[in-house]
Every structure is written in C-alpha cells, then in structure tokens.
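Trainee: Spelled out, the chains give:
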Amino acid sequence: MNIHELTALEIQRGITEKQFSAIDVVTAFFERIYEKEPLIDGFLTLCREEALVKARQIDEKIKAEEPVGKLAGVPVAIKDNICTDGIRTTCASRMLQDFIPPYDATVVKKLKEADAVIIGKTNMDEFAMGSSTENSAFKKTKNPWDRERVPGGSSGGSGAVVSAGMAALALGSDTGGSIRQPAAFCGVVGLKPTYGLVSRFGLIAFGSSLDQAGPMTNNIKDSTLALEAIQGEDKRDSTSVRHPITEDYMSTIEKGVKGMKIGVPAEFFDFGLDEEIAFSIKACMQKFKEMGAVAEDISLPITKEGLSAYYIISSAEASSNLGRFDGLRYGYRTENFNGLNQLTEKSRSEGFGEEVKRRIMLGTFVLSSGYYDAYYNRAQKLRARIREQFIKAFESYDILLSPASPVLPFKIGEKAGNPLEMYLSDIYTVNINLAGLPALSMPCGMSRDGLPVGLQIIGPHFGEDRIFRAAYALEQELKLAAMRPKL
Amino acid sequence: MKISVEDVRYIAKLAKLSITFEEAQKMVGEFEGILTYFESIDRLDLSDALPDPPDRNEGTVLRKDEISVFEDKEKLFLNAKSMRDSYIRVPKIIE
Numbered sequence: 081m082n083i084h085e086l087t088a089l090e091i092q093r094g095i096t097e098k099q100f101s102a103i104d105v106v107t108a109f110f111e112r113i114y115e116k117e118p119l120i121d122g123f124l125t126l127c128r129e130e131a132l133v134k135a136r137q138i139d140e141k142i143k144a145e146e147p148v149g150k151l152a153g154v155p156v157a158i159k160d161n162i163c164t165d166g167i168r169t170t171c172a173s174r175m176l177q178d179f180i181p182p183y184d185a186t187v188v189k190k191l192k193e194a195d196a197v198i199i200g201k202t203n204m205d206e207f208a209m210g211s212s213t214e215n216s217a218f219k220k221t222k223n224p225w226d227r228e229r230v231p232g233g234s235s236g237g238s239g240a241v242v243s244a245g246m247a248a249l250a251l252g253s254d255t256g257g258s259i260r261q262p263a264a265f266c267g268v269v270g271l272k273p274t275y276g277l278v279s280r281f282g283l284i285a286f287g288s289s290l291d292q293a294g295p296m297t298n299n300i301k302d303s304t305l306a307l308e309a310i311q312g313e314d315k316r317d318s319t320s321v322r323h324p325i326t327e328d329y330m331s332t333i334e335k336g337v338k339g340m341k342i343g344v345p346a347e348f349f350d351f352g353l354d355e356e357i358a359f360s361i362k363a364c365m366q367k368f369k370e371m372g373a374v375a376e377d378i379s380l381p382i383t384k385e386g387l388s389a390y391y392i393i394s395s396a397e398a399s400s401n402l403g404r405f406d407g408l409r410y411g412y413r414t415e416n417f418n419g420l421n422q423l424t425e426k427s428r429s430e431g432f433g434e435e436v437k438r439r440i441m442l443g444t445f446v447l448s449s450g451y452y453d454a455y456y457n458r459a460q461k462l463r464a465r466i467r468e469q470f471i472k473a474f475e476s477y478d479i480l481l482s483p484a485s486p487v488l489p490f491k492i493g494e495k496a497g498n499p500l501e502m503y504l505s506d507i508y509t510v511n512i513n514l515a516g517l518p519a520l521s522m523p524c525g526m527s528r529d530g531l532p533v534g535l536q537i538i539g540p541h542f543g544e545d546r547i548f549r550a551a552y553a554l555e556q557e558l559k560l561a562a563m564r565p566k567l
Numbered sequence: 042m043k044i045s046v047e048d049v050r051y052i053a054k055l056a057k058l059s060i061t062f063e064e065a066q067k068m069v070g071e072f073e074g075i076l077t078y079f080e081s082i083d084r085l086d087l088s089d090a091l092p093d094p095p096d097r098n099e100g101t102v103l104r105k106d107e108i109s110v111f112e113d114k115e116k117l118f119l120n121a122k123s124m125r126d127s128y129i130r131v132p133k134i135i136e
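Respectively, the protein sequence lines represent chains F and E.
For the first sequence, position 210 matches number 290 in the working numbering, and the numbering has no gaps at all.
For the second sequence, position 53 matches number 94 in the working numbering, and the numbering has no gaps at all.
Since the hints were derived computationally from the structure, they do not count as laboratory data.
A virtual CB, placed ideally from N, CA and C, is assigned to each residue, including glycine.
Just so you know, not all the hints are guaranteed correct.
[Unchecked claim] DMTMM-like cross-link-like pairs, simulated, lysine to aspartate or glutamate; straight-line CA separation at most 20 Å:
#, chain 1, residue 1, chain 2, residue 2
1, F, Lys150, F, Glu90
2, E, Lys116, F, Asp178
3, E, Lys105, F, Asp317
4, E, Lys122, F, Glu415
5, F, Lys384, F, Glu468
6, E, Lys57, F, Glu430
7, F, Lys338, F, Glu557
[As the list claims (entries may be wrong)] Which residues of chain E face chain F? A few of them, derived with a C-beta cut under 8 Å, are:
#, residue
8, Lys57
9, Leu58
10, Leu119
11, Asn120
12, Lys122
13, Glu136
Using the sequences and the hints given, assemble the complete structure.
Mentor: Have a look at this one:
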C-alpha cells in the first residue's frame, strides 16, 4: 500500500482504525514531495515541522481514545493567497514575499479544527490573476500529466500537487474559474461553492463579490468531506451565509440521478470548443441518460458577453482591493524614493508583476470618470441579467452541464504573450461567479494524447448536494477517479 | 476603441503605478484589443435592467464595532519594516 495514493477518506479511516498513524502519513507524503516536487514545482513553502507537530497531537488523541475531526491526519496543501498563522503567505507576488500573517483564514482554522494537517503553501498566478500559473513571481508549475504543459490557473499549484499525490487535498480559490480550470487541466475534482457558503475571511481579496475558496481533491467524496469541514457562517465575513445550510452531503451522495433533469446549454459548444472535449461532454450526457436522468439541450444566450462583464467587474474590484499595497504599512517597499508619492508608485511598480498591473489599470480605467457608465455600470446590469438567466434555467433543470475549459492543457509559454487569448480560456467558468452559483469540475475523459478533460456541473444557489450526487454517479460509471499521472 | 499612450500614462498615474514609455506603448495595443472585446456588451439591450444589487435579498449585515485585544503583538510587528521600542517607524509621509 502506498499511503500517498490513498484518498482523504481512506487516510482518515486508516488513522482512526489504527492501521497507520498520522506520523506515518505525514512522513509518507513528505517522502513523495522530496521525490516529485523537483519535477512539478507546485509548492512555494513546505511546513514539515509544523505538520509533524500536528500529526503527533492527532496520534496522541487516538492513543487516548479521544474523538478526532473528520479530516484527522489528512495532509492538506493551501493556496498561497489564503492566510496561515505564522506561515509565509505571498500570493506568489514580490509584493508579499516576506508577509507572515498573524492569523489563520477561517477556512484554515476550520481545517485545523477538523484535524487536517497543513503541509505547505502552493504556487499560483500572482494575486490569483491568470489561467496558467505562469504569472507567479517565483516559479512555473508543471502539469503532472505532461510537464511541458501548464497546470491551469490560478490555483495551478494546488491542482498539480493533488494530482501528483503530494497532498491528499488542497484548497484553491476561484474568482472566475481558478479552481475549476486547473482541476480540469490536472485531472482532479475542483469545487467552487455557492458565493457566501464558505467564509472569505483571510482569503486575500481579488474580486470580493466573486471570490470563493473551495477544495481540490482526487475524487468526489473527498470534495464532499472537505466542503463539510470548511463551510458555514462566519461573523468575520459579512457576505457569508446566514440561513440554514446542508450540513451533511455524504448521506445523500449515493442516491443516483434517476429522474434528475439535466440541461446542456447549446451555446457552450461554440466558442472554438476543442473537438475532443466536445466529444467527452456529449458522452457524459449520454451516460447520465443511461443512468435514468433526463438530459436535454437548452439555450443560455448570454455567455460570450459574460466574459466582458467578468473582466470589467473583477478588474474594477481588484484595482480597489490592491490599493492597500502602498509600500508603507506592510509588503514590498522600494529602496530609494523621494516623498510619499514616489514611495507608493515605485513600491507598487516594482512589487507587482505585469498581469497584476494590467488588471489594476483596466479596473482603474473602467471606473474612471467618463467611462464608468459605459463599462462598469453596463457590466453590473449584465451581471443581473445573467443571474436571472440561470435562475430561470434552474426552474426547469436540477443541474447544468458544460465543459470546464474550451481547450486542453496548453504548452508553457504558448499563450503567455497574448492576454486576451488567455482571458478567453475562462469562457465557461466566469458566468458562474457572476451569478454566485456553485459548480464542480471533474475528470470525464482523456484526450488522444493522454491529457485530462474536465466536465463542469453547475447547480442552483446552495445546490451543492445535487452537484455531488450527479458527480458521484458519473464518477462511479466512468471509473476515472483512480487514474493518476505517471511520474 | 482607440486609446493613446497619453491615456495609458494617465490611467497609470491614477492607479499609482509608474510605467515607462515603452511599457505604455505595449499596453496601448493590449488595451485596445481587450476594450474592443468588452464592446460585445453593447450588442445587448440593457435599458430596462437594474445593476446587480450588492446585498441580494438579505440586506446589509452590521455588527457592533467592539474592541478586542490581539494577544500576540510580536506577530503583528513581524510585518513592520522598522521598529523603535513598541512603535512602528514609517517613512516621512508629510511633504
């Protein structure tokens, strides 16, 4: 038995049933990391000592027959834009390369309460802006299925380390697809929860009305387990959910899809969708029918325009959120300056990378006098329209299916010179964030060249239970969860 | 949409970023491409649509502004560039 190939659920059970200890698990995963990380470059920081301390505590609890959490001993990697008490949190930016948060994000606190073991922080596009993790100021993460290709982004490090068996579970963040697209590229499961279901406290803000943290795992049940651990109201996040939510997804996950109504938006098969991806999605639609679901083509006319609304709104929010990095209080400060204005301008210009500056400037432009109505205001109106469109679709359908990405994992450097082309790879994911809906990306096939294909399952607000049910049924049918890249 | 190097440099100034003339020139082309794509929204009639309400249906949440002591001050000071006794030393900010 290779411990690093076990699921999070198997690890938790193995530890509570005393088949192996939490120390055994942490040791096994770090052996795997020391062997494979040089090939992948998925981590920015490793915390072996802290992990061993936590593992020892869990083993002592087990020995004393005390109750342990539902993620007891599960090695977890955290995207580096999520604050970890005493552990460097950089957003993969020079701006925060020395930043050590004095507190845990609520999601991290909840993971620790569930007895998960934090093993490290993962690489990402700087401040979560990008779709390939090439915008990191520190390193380029490789896709474990083909190391000449990108792992997707912006949670590319989290996707890659889960796929490569270097963490049983990872947290990512998703503003416009940053969990789902790297999950698709790395052949793992990625969930963006309903906006408000998971606290954003301690998730360093990019687009506050769009950001959500969520789990990346090797299978559906692990995703369920992780969501149960991190979700719920948080007084420190005024946008977090304040009504009763489903606490237990696991008990309904095996109910199947018989009678479930599934809509497949016809428009999603345009936009230069890769043929092999289209084929895999159609095949899934067929599988669902064979399992007793009703799957039909539907129309969601506003899709392409949603991408514009997304980039306008997210850049506007980013320009405001990133205004706090002024070189004065914390973060990068330039060496030589003359006066406050130069201090701020030089610190920001040297501390931020190219894509972050581009987004800040786009955001500043669409909010500036004379352009606000034409861009920002129209985008907000369109956002309301998109939300209505989805709510209407969910009056007739339980879930919607779509590709997670229009393209297969691309080569490192292939799109780096063309920002608009990179933005277009988010076409299937951004509308979900604009509408605040939950969506999950899961492996649903392999291309001829052995690259994973991702299916996106979209649910209504707080409809994660339906998503999990459908995803689990399909996973059992496709038997793809056990596939791991050869490294 | 057409924009000029001067437009880009003006926006950079608003965003408190300093960019070189060469960087601005490169950005002109990129921004024109992106802003032209953004014009796809203009094809839709949104005259009767209201902007997305930020508070959706639950209203704005307020809580009392209560002071609580952060126990581990050392941790907070870890991110300050320079300290004198228990004060954070910052560069001169008044011109």
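Trainee: Hinted pair, alpha-carbon criterion (20 Å max): Lys57 (chain E), Glu430 (chain F). Please report holds or violated.
Mentor: Measuring from Cα to Cα gives roughly 12 Å; hence the hint holds.
Trainee: The hint names Lys122 (chain E) as touching chain F; please verify it with the least Cβ-Cβ distance against 8 Å.
Mentor: OK, holds: Lys122 (chain E) within 8 Å of chain F, min 6 Å.
Trainee: With the threshold set at 20 Å, check whether the alpha-carbon distance from Lys338 (chain F) to Glu557 (chain F) stays at or below it.
Mentor: holds, 14 Å
Trainee: Holds or violated: is there a CB of chain F closer than 8 Å to the CB of Glu136 (chain E)?
Mentor: holds, 5 Å
Trainee: Tell me if the straight-line CA distance from Lys116 (chain E) to Asp178 (chain F) falls inside 20 Å.
Mentor: holds, 13 Å
Trainee: Does Leu119 (chain E) meet its interface restraint, that is, does its C-beta lie within less than 8 Å of any C-beta in chain F?
Mentor: holds, 5 Å
Trainee: For Lys384 (chain F) and Glu468 (chain F), compute the direct alpha-carbon distance and say whether it is at most 20 Å.
Mentor: holds, 16 Å
Trainee: Quick check on Asn120 (chain E) please, does its C-beta sit within 8 Å of some C-beta on chain F?
Mentor: holds, 4 Å
Trainee: When the nearest CB of chain F is found for Leu58 (chain E), is that gap smaller than 8 Å?
Mentor: Where the cut-off is 8 Å and the nearest Cβ of chain F is about 5 Å from Leu58 (chain E), the hint holds.
Trainee: Taken at face value, is the distance from the CA of Glu415 (chain F) to the CA of Lys122 (chain E) at most 20 Å?
Mentor: Holds - the C-alpha atoms of Glu415 (chain F) and Lys122 (chain E) are around 12 Å apart, at most 20 Å.
Trainee: Are the Cα atoms of Lys105 (chain E) and Asp317 (chain F) separated by 20 Å or less?
Mentor: holds, 14 Å
Trainee: Keeping to a limit of 20 Å between CA atoms, is the pair of Lys150 (chain F) and Glu90 (chain F) held or broken?
Mentor: holds, 11 Å
The structure shown violates none of the earlier numbered hints.
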